[in-house]
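Asks: Here is how the chains run, residue by residue.
Protein chains: 2
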Amino acid sequence: MRLTTKGRYAVTALLDLAIHADQGPVNLADISRRQGISLSYLEQLFAKLRRSELVCSIRGPGGGYRLGRKPQSIRIAQIIDAVNESVDATKCQGKGNCQQGETCLTHHLWQDLSEQIHDFLGSISLSDLIARSEIKRIAQQQDKRHEMLTPPELDGARIAATFLQ
Amino acid sequence: MRLTTKGRYAVTALLDLAIHADQGPVNLADISRRQGISLSYLEQLFAKLRRSELVCSIRGPGGGYRLGRKPQSIRIAQIIDAVNESVDATKCQGKGNCQQGETCLTHHLWQDLSEQIHDFLGSISLSDLIARSEIKRIAQQQDKRHEMLTPPELDGARIAATFLQ
DNA sequence: CAAAAGTTGACTGAAACAGTGGGGTATCAG
DNA sequence: CTGATACCCCACTGTTTCAGTCAACTTTTG
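From first to last, the protein sequence lines stand for chains A and B. Each residue of the first sequence is one higher than the last, beginning at 1 in our numbering. Each residue of the second sequence is one higher than the last, beginning at 1001 in our numbering.
There may be inaccurate statements among the hints.
No more than 25 Å apart at the CA atoms, straight line, and that leaves these computed lysine-lysine pairs for PhoX-like [to be verified]:
| id | chain 1 | residue 1 | chain 2 | residue 2 |
| --- | --- | --- | --- | --- |
| 1 | B | 1048 | A | 136 |
| 2 | B | 1091 | B | 1070 |
| 3 | B | 1136 | A | 144 |
| 4 | A | 6 | B | 1095 |
| 5 | B | 1095 | A | 91 |
| 6 | A | 95 | B | 1136 |
| 7 | B | 1091 | B | 1006 |
| 8 | B | 1048 | A | 144 |
| 9 | A | 6 | B | 1091 |
| 10 | B | 1144 | B | 1091 |
| 11 | A | 70 | A | 91 |
| 12 | A | 144 | B | 1095 |
| 13 | A | 95 | B | 1144 |
| 14 | B | 1048 | B | 1006 |
| 15 | A | 95 | B | 1070 |
| 16 | A | 70 | A | 136 |
| 17 | A | 95 | A | 136 |
| 18 | A | 136 | B | 1095 |
| 19 | A | 6 | B | 1136 |
| 20 | B | 1070 | B | 1136 |
| 21 | A | 144 | A | 91 |
| 22 | A | 136 | B | 1136 |
| 23 | A | 48 | B | 1048 |
| 24 | A | 48 | A | 144 |
| 25 | B | 1048 | B | 1144 |
| 26 | B | 1070 | A | 136 |
These are computed hints drawn from the structure, not numbers from a lab.
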């Protein structure tokens, strides 16, 4: 059983994507800035998410990623599965041949735990997360901070206008 | 969050210890044989279990390990903690400073999950496991197999006796 | 066409796991 | 006292995975 930064990044990125879905395709550079995840690493994760059809890509300028399904039908467990992090806690992937073909002493314990975790993460969808108030608040703060970090000074016309005042 | 062979080994070994507790101190060589865990690796794990006072050791011939407390009061979560495997799923160990001092988007999700897992493993004690019928059955089989694997032929007198028949 | 965006693959340093090996030290039986 | 038994401790190693970097693509749109 493994649950590390990798799976957390994947869920965070997909949640960010879902929150900003109304503004058209979301590109990875924006997610990278807002969530503080390395761009190249995001690319790797989204390659896997695309293979699992959790997202679809739009290439070219103005392109980016879009959710592959409705946020109600994307479960957290599926996201974690997609980036190759198993939610299984048994040694034998549930086969029961943990100790030289026999079932090991604690097999049933880990099996029960796996079920517990899977039920929990499988019962939560992206839209459930979006609906949570704390998440709305955090996302708004991130958007604001992001606006400040992408200053309008990059817009040539604006620089000129300020300059010519 | 990490739950690997290490934590599973620790729980398995301690369960084996608890099951054979009535026959006096249990030595690691026996646990190693019964559970198929490398002896040297067991020594490392038991060093940690001893530091957490989950077991106490008796040195010298006839020595071995004994449970440090009653099996009812040893929770699975404590065993996993003792071998340094965290049951915490958040990036920030629950502190909430996951993203440059701010709470990350998915912090609450991982916090809830951690709580779920911790409640589950914290609600189960060693004595709960011993009581389970499947575990009793598996332990009996392991004992039988072990008897066959440690043949009395190693006893010099017996070899001689057989030889002289 | 040129720039923006996704796509792919190779590569890397660090960490952790799982395990090995070897030298101890305490304790008890004979 | 001695030797066997068992714990105790430390250094080391091979493998895997994580997290991230870099570079060279291709596709698409303005």
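Asks: If a hint holds in the structure, say so; if it does not, say that too.
Replies: Hint check:
1. 1048/B x 136/A: Judged against 25 Å, a Cα distance of about 43 Å means the pair is violated.
2. 1091/B x 1070/B: 34 Å, violated
3. 1136/B x 144/A: Violated, at roughly 59 Å.
4. 6/A x 1095/B: Roughly 19 Å between the alpha carbons, so the hint for residue 6/A and residue 1095/B holds.
5. 1095/B x 91/A: 31 Å, violated
6. 95/A x 1136/B: 20 Å, holds
7. 1091/B x 1006/B: 21 Å, holds
8. 1048/B x 144/A: 47 Å, violated
9. 6/A x 1091/B: OK: residue 6/A and residue 1091/B at ~11 Å, within 25 Å.
10. 1144/B x 1091/B: Given that 25 Å is the threshold and the Cα spacing comes to 45 Å, the pair is violated.
11. 70/A x 91/A: Violated: residue 70/A and residue 91/A sit about 34 Å apart, past 25 Å.
12. 144/A x 1095/B: 23 Å, holds
13. 95/A x 1144/B: 23 Å, holds
14. 1048/B x 1006/B: Given that 25 Å is the threshold and the Cα spacing comes to 12 Å, the pair holds.
15. 95/A x 1070/B: Violated, at about 32 Å.
16. 70/A x 136/A: 19 Å, holds
17. 95/A x 136/A: 41 Å, violated
18. 136/A x 1095/B: OK: residue 136/A and residue 1095/B at ~20 Å, within 25 Å.
19. 6/A x 1136/B: Distance of about 39 Å is beyond 25 Å: violated.
20. 1070/B x 1136/B: 19 Å, holds
21. 144/A x 91/A: Since the Cα atoms of residue 144/A and residue 91/A sit roughly 45 Å apart, the hinted pair is violated (cutoff 25 Å).
22. 136/A x 1136/B: 50 Å, violated
23. 48/A x 1048/B: 38 Å, violated
24. 48/A x 144/A: 30 Å, violated
25. 1048/B x 1144/B: 30 Å, violated
26. 1070/B x 136/A: 47 Å, violated
In this structure, the earlier hints numbered 1, 2, 3, 5, 8, 10, 11, 15, 17, 19, 21, 22, 23, 24, 25 and 26 are contradicted, and the remaining ones agree with it.
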